[in-house]
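*Asks:* Residues per chain, in single letters:
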Amino acid sequence: MPKRTDINKIMVIGSGPIIIGQAAEFDYSGTQACLALKELGYQVVLINSNPATIMTDREVADRVYLEPLTRKFVEKVLRKEHPDAILPTLGGQQGLNLAKELADAGTLTELGIELLGTKLAAINQAEDREAFRTLMQQLDQPVPQSQIATNIDQAVTFAKAQGYPVIVRPAFTMGGSGGGIAHNQAELVAIAESGLDQSPVTQVLVEQSIAGYKEIEFEVMRDHADNAMVVCNMENFDPVGIHTGDSIVFAPIQTLSDDEVQMLRDAALDIIRALKIEGGCNVQLALDPDSMQYYVIEVNPRVSRSSALASKATGYPIARIAAKISVGLHLDEIMNPVTGTTYAEFEPALDYVVCKIPRWPFDKFSQADRQLGTQMKSTGEVMAIDRTVEGALLKAIRSLDIDLIDLADPQLANYSTAAIITGVKTAKDDRLFYLYEAFRRGFSLERLAALTKIHSFFLDKILHILEITRDLIANRADPAWLRTAKRAGFADATIAKLWKTTPQAIRTLRKQVGVMPVYKMVDTCAGEFVSNTPYFYSTYEQENESQAFTHPAVVVLGSGPIRIGQGVEFDYATVHAIQAIQQAGYRAIVINNNPETVSTDAAISDKLYFEPLTVEEVLNVIDLEQPQGVVVQFGGQTAINLAAPLAAQGIKILGTTVADINRAEDRDEFDQIINQLQIRQPVGGTATAPTAALQIAEQIGYPVLVRPSYVLGGRAMEIVHKPAALKDYMQQAVRVSHDHPVLIDQYLTGKECEVDAICDGKTVVIPGIMEHIERSGVHSGDSMAVYPAQTLSTAVKAQIITMTKKLAQALHCVGLMNLQFVVHDEQAYVIEVNPRASRTVPFLSKVTGVPMAQLATKALLGESLVSQGYQTGVVAESKLIHVKAPVFSFSKLNQVDSRLGPEMKSTGEVMGSDQTFAKALYKAFAAAKIHVADHGKVLITVQDDDKAEMVSLAQRLSNLGYELLATPATAHFLTKRGIVVQSVEKVRENQALLAMMLRKQIQLVVNTVSQDCKSEHDAAQIRNVAIAHGIPVFSSLDTLTAMIQMLEDRAFTVNSL
Amino acid sequence: MTERYLVLADGTSYAGQAFGSSRETIGELVFSTGMSGYQQSITDQSYNNEILMFTNPLIGNYGVNRDNLESQHATCKGVVVRELARRTTNWRMLTSLDDFLQQQDVPGISEIDTRAVTRHIRQAGTMRAALVNKITEKTVAELQQPLDGSSLIATSATHNAYPVPATGRRIAVLDFGLKYSILRELTKRNCDVMVLPPTASLEEIHAVHPDGILLTNGPGDPQDIPHQTLALIRQLEEQYPLFGICMGHQLFALANGATIVKMKFGHRGFNHPVRNLETGRIDFTSQNHGYMVDRASVAATKLTILLEEINDHCVEGLRHQTLPAFSAQFHPDAAPGPHDTDYLFDKFMDLIDRHPVHN
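Those protein sequence lines, which keep their order, are chains A and D.
Going by the working numbering, the first residue of the first sequence is number -19, and it counts up by one from there.
Going by the working numbering, the first residue of the second sequence is number 461, and it counts up by one from there.
Next up, chain D with everything else stripped away, as it sits in the complex (with noise of 0.2 Å):
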């Protein structure tokens, strides 16, 4: 066994095991408490730049599986465990997760007291940390530097556009980064999809004839985004039923006044419960934000909010005042976490045939 050190920005430093690929990495460090579901979360394109440890002490137990993945890769820089599993088993299973890390090239560390280093971070808020083989004043110098986010939407999106074929309403997916989930949920709904890149023009959506529009999650800080995208999204939600989730919220929200501000420590885990404004209804919800909107810009703009955090009110949904376009801060496709608001999807599909498009 070989050791490796979780080091962070502030100089804490953690000593444990290596596993997964040996190369050694930098990203933003962030946890989950979500106490099931690491293969999704590690496919999530949304932990693109961030080492994810999870507060769960045994990861690994099933494996990894060819249903469980929420993109074509491991995404995240890194993979912080108390403990792996040193026997996986499960009748799904594919590989186990050290295999499949050392396939994906992303470097993880167990054996380390992570209920220590989240409650640090809980107090010293979200910072940038390392995962090494050896401490030297290079790591420590580096993890000073500011990481660059700028181009992580570009890297994990679609660059060409491609359909997800079915018979029933078309929809046009606009990819930041987007989990398979969404897709599913679509396909459960018999939904037609063309996924368009990031960078697609109100031309080429309007040449998808499209029902309605979804913007997907994605990964890093919303304001990176270039103001065309929020000049497009004001467009789309005048002709279309819009439907924005996570970072697709954030834009959403960003497009229409709107402002985000970065959290403490963020949102990721399948326990916060969140109220729908308009029928009392709470749910759990699916969560992995590290941004929120500013709730008190929102009273500036044509938007109101329709979902929240029962407990610190964070801004969990939005709907427009008076076009059919609306969002959700968390995954209504879970994956993982529980299904519990689904619903959502059903609530878009409601919203395009009451406002139907004449293509």
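In isolation and in its complexed conformation, chain A is listed as follows (with noise of 0.2 Å):
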């Protein structure tokens, strides 16, 4: 059937900001499918409150709503622009939710909007146990024994009959949110007490535990007429247990025959044939190892992180061609994009080994609970590809941008055996590098698929690599073997590492006895069918097929995985850099390793290189193409990091040069020119041993601002208030090197602003100042942002602009960069200088109109400022106000404390536009779905410090209807101030404030604590379970007075005469 003409205006809805569970993949669908759909004809509305995205720049769509993703907004933007339709299958459970709730809310039926692709009743069956399990039932499809529970006592029946272990996985949640698996009572009750609670449902299944079972998944399309296909298969390196986007995966499947896969393949096909799938489909099943007997595990109707991942993995573009077929056309009238020659109706054929790994942020939260099971935790991923499952497997590790190169980690060496078994036992993040160690210490292969139910193919691999490792030990300098280490992925590095050398020494050696890499193409069809895709991997075979540019060319290195602090932000900036690339008349090439972005899509750059961002991967990708310059300043510290040993091998960094980054970073360089400029900065100084650093914290006196320098997102960042502490810090938090030295500050409080400004060397232009809403000792990346700036004075705002030009011209600033001040007495200080794009540039960029990763890179190309049509100083402030807020993913990690400080812990941001601060403010807090209630009972518990401060705001809360609740100390200076306040006993002497946490009898929490041990425990357990159950925690006085000016602004007051 040809694309249909009855519908002409679609709306497509996003998945908001970035969270554990639903992260980047989703602005690579929604930008494709709103391409796709634009592609064809339509008009395209988009929806979505994330400016961090690709998808929501203007182009994208032909109007585009950065609005809160609540029904109330969305239905205001569908009573505005009247779309025939709305495809909320690409983004995220979040647009199917929504789609749900419109329709559920009679609205769809009311205006009469249809919802295509897959159709409700079909979610609703593939998400609703029950109906799930009756429809598997009627396929004679087999699905493990379950339950279905809406209260604990009908999981603990069943899980008494079934025996344990059980898992739980709640209905109707995303990353399978508040779900794990229980081996006894005590946890089934925890587990399912959480999992009710956040099902919008509440309701759970419980279910039979097929651990050890094989997991496969399959990637599947189906079109109106029927015709169905798999994308891709892939085998999860863990076995069942672990969800999905935890596991590391392996495409395509690899240790099943082809009965085996074909039998799956079959269930797959007719599960999204009766489910009438319309679109992208992800069929995920367990197989046991010892015979023919399969389960169904689960089926996600949309597109998901794994289509995003098996994209990338085929290039097969899921999500545009679901987008074609949610307009009528069918499989086999769709173009495939990547050969150009054949239709979309091919299962593409793979000659190469893709590996995933997740990226997980442990090494923000050092606290976190590690272990793996059913609730997701990654923040990101990284895929590699190679011919062999060695060689994927290396490079995926090394594409993490972790500190390990490879296996080896040097610290386990000094574990005993019990903690070895121990870490190979449990399924946490690092169990690849435990299992590593337990075959250095001799552990067989069969003791550990015993110990790990992981199959012995898969650990064979990784004996494998110990046994080229020894080998390499054995044979120093062998030319033979040193082919047959980079033919299994070792990196030059690891091999130097052996050899006793330097990487740059193997890479002489390499070039010497001709061990070079070569290119291969990822053309969907392994070789059979003439491909033009521009889509590359390296491995070390015979065939080179990538052909460099004869035209000139520019390198564009991307952020990698997606973590805190390096989020889909730098994406964002990778590729409007490329655009400007090619705007520039150079061909753009990427280097990227992120499956789930924008950026690597082969439709995007003129040439995409899948490979890790390591110095010896980019100088081969250099060597062949010989590119006019590398682009590092939009890809955050991963690709920053990379400036300096490239440019030490000759390579041309464009924009501003390596030496003027590391003066913008090395605090004395800094230092010295902050003196020569007369700008103001907190006193402090460098330290590498704990005695220097408390003789500086002597000087300018505690509390004091600590962190190491070369880090990204305040990572291990801390305000230490007394010596002991700093003397904890510098011996323990942070492995002291004369590399990485301990930067020490005097800490200023007070506003706390950012600016983003573009430079060419001459001309300086600053598109606005940003004014933080939580004082300084906030991360910049976890506070609440507000442009144009609402309480800075003209003369502050002209020395940040001062100040900001002189920096940018003394640095000579090439392209972007980021400056944070603190405004402490009227005075602007600088914090905080990196010379670079910054999280803040799309965000910046939409709210002032001012194209500036685009800009920038042509100012690096040596296109001038002034060329383009800008000037120095600052552009005029926008009418509208726009408040950015953070959000977090705390629910889904265990154990992790959410109070906010100078360590990030975001994952992603949303934002809220409009023409007040108020409104702007509420539609910012909608957006990130905190719902404070118009009234209900406050918990206020907060440290000495604040106490003053909190008297004002209490009384506030209490004027807007709130009833108030302290802690004893908070009670008693609350009431001696007149404020009407019933004081509760402290969680360590009664669990009654929890209880009534639990019975959702208090609808707000204000929490801030001073470093005190005990009285942080006791906070730290009131915020979790508050996020447990989903009470909005304030943690910072200032995010509460701006929600408080909200409540405010929006209710009518009551005054008796």
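For the record, the hints were derived by calculation from the structure and aren't laboratory data.
All values derive from a computational prediction rather than experimental measurement.
For each residue, glycine too, the CB sits at the ideal point set by N, CA and C.
One or more of the hints may lead you astray.
[As the list claims (entries may be wrong)] Taking lysine-lysine pairs in the BS3-like style, the calculated list, with each CA pair at most 30 Å apart, reads:
(1) 99(A) x -11(A)
(2) 256(A) x 594(D)
(3) 722(D) x 256(A)
(4) 491(A) x 594(D)
(5) 52(A) x 917(A)
(6) 956(A) x 909(A)
(7) 927(A) x 956(A)
(8) 917(A) x 859(A)
(9) 433(A) x 140(A)
[Unchecked claim] Over 10 Å on every C-beta distance to chain D, these chain A residues come out as not near it, computed from the model:
(10) 343
(11) 436
(12) 500
(13) 506
(14) 637
(15) 655
(16) 779
(17) 806
(18) 830
(19) 843
(20) 855
(21) 857
(22) 926
(23) 949
The task is to assemble the complex, starting from two chains supplied on their own in separate frames and drawing on the hints.
*Replies:* What follows is the structure, given as structure tokens:
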């Protein structure tokens, strides 16, 4: 059937902020969908609350609404735009849930709006456990024994009859939120309670455990004509039991014989046909390793994280095709854009191995529970392609951008055997490294297979890597072993480590003996048909397929996996840099390894190299392509870290030079510049040893702000109040090294603000000043920010602008730079300068209309800002007020403290815009899903320093209709100042408080604490329970003030005469 | 580890590692893009005389088992892979692929840039190749001699008739080098099967009293088949419902006046989409053919194109305009590959029921 002509305008719902379980993959799929629909001639209206995405760029849709993804706001847009249809299946669970809400509320019927793609009935059938089970029974598809429970008793009764362990899966939650494996009744009660709570329909599934089964996934597609096909099949390294988002995954399936594969393929296709899926769908199955018995685990009736992975793993653009299917096109009417010569009705054949490894946030959340299970915990993932499993695995490890470059973690060498066994048995993020260490200690394959239930095929790959390592050690400088190791994916750095030389020496040796990488194309068809997709991966074989551009080209380094502190914003900047490079007349070449993002869509750049972002791999690409230069400033710290080593090899880094980057990041050099320019900054110093640190702190006075240099997202940054704590910090929390000294600064309280500037060496364009709502001390990435600044005086703004100009010019900045200031007694102090794109680039670009990344890219390619139409100075402020709010994923991570501080904790952001500050704030809170009740009970427990400030806030809450509860000290303080407040016992004395929260008798929590351990423990418990039960928690009085202002603004007051 | 070479008729050679049998071999080099099912392909009679190269880079991961044999032997002339699995484990595994090929005396070569070779064949077309332990002038000279495929069917197919008894419809299977999967599909449908050699006479077939005739797959060039066989097929289709698979399809076409052409590099893999022109339905098919029916030649016959590949419009199935006879170029019996087209066996059963033979 040709595309539908009875509809003209289509609304696409995005997925909102990045949270664990719903990340950049939906920027990729949403962008693809919008572009595909526009390509077909439809008018596209997009709604999404996440400013950090490519999807919310003006060019992606005809109308872009950056509004909260709540029914209220979507309805408003629907009534204004009157689209004919909504496409809800490309915006993750958020998009689906919203579509369901709109349908249930009757809005769609009222406005005559059709839902495109898979029908709601089918979605319900896939997502409602009971309906799904019934359907599976009808289809004769086996599902594990299970029981729907709407209360704890039902869950316990089933588990008693079935036997432990059992798996708890809450209905309608994303990323399996609130689920887990229970081995006994106590665990079951705890998990089921949280699961029931998080499920919007108060429903969990308690299920027979099939632990030890192989976990297999199929990414499937179907069209309205019932054509159905498999895009990609995948096999998890970890057996069933770990959320697929947290599993190491290989594609294609490695250990199944053809009849096993075909049996599962039949099941997947039967299921999507029965569900009448129109578009993409993910089917997860479990196969007994010792028989043909299998079970259907789960079906996701929409585009998902797995489909993004499958798209990048095969080259087949699932979301783009799914969007076309949703408007009536059939698979045999859509061309396969990869080959350009065959139809989309085509099951890709892979002639390589793909490995995906998740990226977890445990480097930032050291207290978090690292055990992996049915609740997803990773924030992002990397993908690697090679012709061997070993190669793909090792490349993926290098892509993770962690401290390790291979499977050998030197720390584990000191651990006891018991600790190694525990590490092997427990599925945590670092199990791979424990497995390697276990092999190193002589554990047999059989023993490890028995301990882990991981298939011995995969374990043997780890063993093989160890064997090659040993052969390398025994055959130093032997070209034959060098070749073997490179074919198995070993890094030059690994070989250098084993041969006690430098990676550079290995590189030279490789060139001498002719062990050089070749690049092979990802073409969907294993070479059977001619294909022109510019999508390549490296391997050590015979034939190279990537021909260097004869036209001048520029290499852009991406930002790797999404992690806290380095999110989708950098992908946004990368994509804009690519576009600007192309506009400037160059070919844009991208190197990146994140399968979720827009930048790794082969259609975006002129050539995509899917490679680890290491010096070796980047140099290899440069060797072949001979580009004009390399752009590092849009790829976050990952790319910036490569600038110096690349420059050392004589590679041209475009934009701000490495020397100038160092001048900004090296404390002493930076201090000199500050002194020369006579700019104010907090007093401070650097130290590499505890004694020096104590001396510096003594001089400047406590509290001090401490952090290691060269880190992103404020990792390991703390405010230290006492010498003992500083000593602790220096000794334990940070590995002190001369390469990375610790910065110790005076901690100034005051307003923080932030500026992004674009500079070409002469002209300095400042798109705008953003003011943080939280005072200094909260990481800028976790602060709410407002543009234009609301409370800064003209004088302060002028100071900021002058300092920005001076610094940009003094640092010879070419491209983007980010500066942060603290305003203390009407004086602005510089607290941070980053000579690269920051995470606020997309937000500021969108609210000011200045295409920052593009201007910056053209500037670093030599086009002056003046010739691009810009002058030095700050751009005129917008009329609308825009508030950016951070979004956290605490509910996914047990035992992570939600208290905000100098270390970044948020995973994503949203934006609210309106004509008044209060309205913009309201939208930002709504978009961040912080639903503050108009009235109810508020629990207040604040540290001594905050008590005075709390008085007026408490009064204002009371005026709004809130009943006040407070812990004894706070209550006492407030009562003395005439506030009516009820005192409640501290948690460590009485659990009643927690029980009240469980019963939803408290609607709001205000909680600030000093770092005194005892009260901190208490407070952390209150915050954790509140978050687990969806009660808004405010740990900064500034955020609270903003929230109260917002509530006051929309409430009527009642006053007696 | 022993060095071994893959030498192509155009003089290109690739160095790799030996596995399987140590003997040298010559055959036609073809590639298959299926990502699983190496055991089925290696034991598929249609690969007789061919050196089989897999584009999937890892081969042998789950070993060889008793359920995935498509004939009693490894039938291909040689096996070319990027990497031979070093550890093979599967609950059904009897032996590793390496051991199996040694037992079967079929040589293999690993550590080959199979993608480079595939691209070469895609551009230059299928050609003869040798697996040798040392490249000599003789190797190159031998590669210039055409392979004699004329006796392929005779050596692949059964010499004696044998039954696969059941209680349902009686099918006479005319064997040109069948895959067991065809018999499995018939057995699933309770067919009472008699497998006959390709030399069977009309009388011998009559004597079986079949309800339907199935022409199987087989190796080589269908044009090598004797004229008597084509004449036999013409007689059979007049009297019995008939279904041809792969070689059987090509013989059905030839018997009815269509012609056959050799393809540049054939269709081998699981992902060729095929449209049923009667229903519009599209399925993924298990393919293994280097020859095809010349599309233009069909017009002058009493045949209608029933199935076609959606991309290159290759004729993938034919139907007789007046008689209850049809054919498929691919393997509806799969093994390896998708089961999407097993409905064609049901169609065959249906055809038999609608056209009862008065035996």
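*Asks:* Is the Cβ of residue 806(A) farther than 10 Å from every Cβ of chain D?
*Replies:* Holds, since 67 Å exceeds 10 Å.
*Asks:* Decide, holds or violated, for the assertion that all CB atoms of chain D are farther than 10 Å from the CB of residue 655(A).
*Replies:* holds, 60 Å
*Asks:* Taking the minimum C-beta separation from residue 926(A) to chain D, is that value above 10 Å?
*Replies:* The assertion about residue 926(A) holds, with a minimum of 61 Å to chain D.
*Asks:* Are all beta-carbon distances from residue 857(A) to chain D longer than 10 Å?
*Replies:* The assertion about residue 857(A) holds, with a minimum of 56 Å to chain D.
*Asks:* Does residue 830(A) clear chain D by more than 10 Å, comparing its Cβ with all Cβ atoms of that chain?
*Replies:* holds, 46 Å
*Asks:* A cut-off of 10 Å on Cβ-Cβ distance, and residue 500(A) was said to be off the interface with chain D. Does that hold?
*Replies:* The assertion about residue 500(A) is violated, with a minimum of 6 Å to chain D.
*Asks:* Would you check the hint for residue 927(A) and residue 956(A), treating anything up to 30 Å between C-alpha atoms as holding?
*Replies:* With a Cα-Cα distance of about 12 Å, the restraint between residue 927(A) and residue 956(A) holds, given a limit of 30 Å.
*Asks:* For residue 506(A), is the shortest beta carbon distance to chain D beyond 10 Å?
*Replies:* Since the minimum Cβ distance to chain D is about 4 Å, residue 506(A) lies within 10 Å and the statement is violated.
*Asks:* Is the Cβ of residue 637(A) farther than 10 Å from every Cβ of chain D?
*Replies:* holds, 41 Å
*Asks:* Taking 30 Å as the top limit, are the C-alpha atoms of residue 491(A) and residue 594(D) close enough?
*Replies:* holds, 28 Å
*Asks:* Has the given pair, residue 956(A) with residue 909(A), been kept, meaning a C-alpha gap of at most 30 Å?
*Replies:* It is violated: about 35 Å lies between the C-alpha atoms, which goes past 30 Å.
*Asks:* With the threshold set at 30 Å, check whether the alpha-carbon distance from residue 722(D) to residue 256(A) stays at or below it.
*Replies:* violated, 40 Å
Of the numbered hints listed earlier, those contradicted by the structure are 2, 3, 6, 8, 11, 12, 13.
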